[in-house]
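Heads up: the sequence shown begins at 13 in the working numbering, then just goes up one per residue.
No lab work stands behind these hints: they were computed from the structure. Hints may contain errors.
Said to hold, decoys possible - Simulated restraints on C-beta separations:
id, residue 1, residue 2, range
1, Glu-31, Val-232, 21 to 29 Å
2, Asn-66, Arg-35, 21 to 29 Å
3, Lys-168, Gly-147, 18 to 26 Å
4, Leu-25, Lys-183, 32 to 40 Å
5, Arg-130, Asp-21, 25 to 33 Å
What the hints assert, rightly or not - Once the Cα atoms are required to be at most 30 Å apart in a straight line, the calculated DSS-like pairs of lysine-lysine come out as:
id, residue 1, residue 2
6, Lys-183, Lys-24
7, Lys-77, Lys-179
8, Lys-55, Lys-168
9, Lys-77, Lys-113
10, Lys-172, Lys-24
11, Lys-37, Lys-123
12, Lys-47, Lys-77
13, Lys-123, Lys-84
14, Lys-183, Lys-113
15, Lys-152, Lys-168
16, Lys-123, Lys-113
17, Lys-77, Lys-183
18, Lys-37, Lys-149
19, Lys-168, Lys-229
20, Lys-55, Lys-37
21, Lys-84, Lys-183
22, Lys-168, Lys-218
23, Lys-172, Lys-183
24, Lys-183, Lys-123
25, Lys-229, Lys-123
26, Lys-24, Lys-55
27, Lys-15, Lys-229
28, Lys-24, Lys-77
29, Lys-219, Lys-55
30, Lys-172, Lys-229
31, Lys-113, Lys-149
32, Lys-113, Lys-172
These figures come from a predicted structure and were not determined experimentally. Yeah, the Cβ is synthetic: ideal placement off N, Cα and C, and Gly gets one too.
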Amino acid sequence: MYKILVVEDDIKLNDLITEYLQRYKYEVVNIQDFKNVDTELEKSNADLVLLDINLPYYDGFQLCKTFRRVSKIPVIIISSRSSDEEQIRGIELGADDYIVKPFNFDFLLAKIQAGIRRVYGEYANESNILESDGGIKLNKDTFKILYNQIELELSKNEFKLLNMLIKNENKIVSREELLEELWDDSFFVDDNTLTVNITRIRNKLKKLGVSEAISTKRGVGYIFHTTANKGN
């Protein structure tokens, strides 16, 4: 069952979208705290986002840009703003599609199904899946990790680090190499940032039933192990 996050402050429309999508066996998550939409997105572990533009506290265009920095899950804007300029702006900021209100719900469903097929289904690019020898999969399009039929979302930094560690499975990756992977002109990266993100990755691997997958070589770096302990 795919999970859809609906970012819509119109309660009536939100309820209609939720009821309609649930009818087609989608799991729907609604925003409860519009002051912290980015946090709600991470907590939701959604597969696709429906995003309004006129929202309390934040402009939907800015939220779309923020979403795209940390995740590659499909984003479909749903808005009454209908000008060509605004639709182009939404797409340029990272939206996968733009639907103008009022819309036909069957049309909305078709757009959602197309987005899901493109990223997760028959049109998905298999080269965007990195799989460890132990069967742990990383989806480069969605920043998600999958193992034993459990799926979790990674932050941008968590994904970068785990992607590099799995690519170098059973080999030491130095702290310097990992820090370089994290480097971004927009913020300062230090040893503490690396340590915090490695800890978060280890905790998420434990949630998947994988423990001791990443070991520390003190003063050198980290190793991702094929022979990590795995739960049933």
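The hints, checked one at a time:
no.	hint	in the structure
1	Glu-31 - Val-232: 21 to 29 Å	violated (55 Å)
2	Asn-66 - Arg-35: 21 to 29 Å	holds (26 Å)
3	Lys-168 - Gly-147: 18 to 26 Å	holds (24 Å)
4	Leu-25 - Lys-183: 32 to 40 Å	violated (52 Å)
5	Arg-130 - Asp-21: 25 to 33 Å	holds (28 Å)
6	Lys-183 - Lys-24	violated (54 Å)
7	Lys-77 - Lys-179	holds (29 Å)
8	Lys-55 - Lys-168	holds (14 Å)
9	Lys-77 - Lys-113	holds (21 Å)
10	Lys-172 - Lys-24	violated (40 Å)
11	Lys-37 - Lys-123	holds (16 Å)
12	Lys-47 - Lys-77	holds (16 Å)
13	Lys-123 - Lys-84	holds (17 Å)
14	Lys-183 - Lys-113	violated (52 Å)
15	Lys-152 - Lys-168	holds (10 Å)
16	Lys-123 - Lys-113	holds (14 Å)
17	Lys-77 - Lys-183	violated (36 Å)
18	Lys-37 - Lys-149	holds (25 Å)
19	Lys-168 - Lys-229	holds (24 Å)
20	Lys-55 - Lys-37	holds (21 Å)
21	Lys-84 - Lys-183	holds (28 Å)
22	Lys-168 - Lys-218	holds (19 Å)
23	Lys-172 - Lys-183	holds (17 Å)
24	Lys-183 - Lys-123	violated (43 Å)
25	Lys-229 - Lys-123	violated (48 Å)
26	Lys-24 - Lys-55	holds (24 Å)
27	Lys-15 - Lys-229	violated (39 Å)
28	Lys-24 - Lys-77	holds (26 Å)
29	Lys-219 - Lys-55	holds (14 Å)
30	Lys-172 - Lys-229	holds (19 Å)
31	Lys-113 - Lys-149	violated (38 Å)
32	Lys-113 - Lys-172	violated (37 Å)
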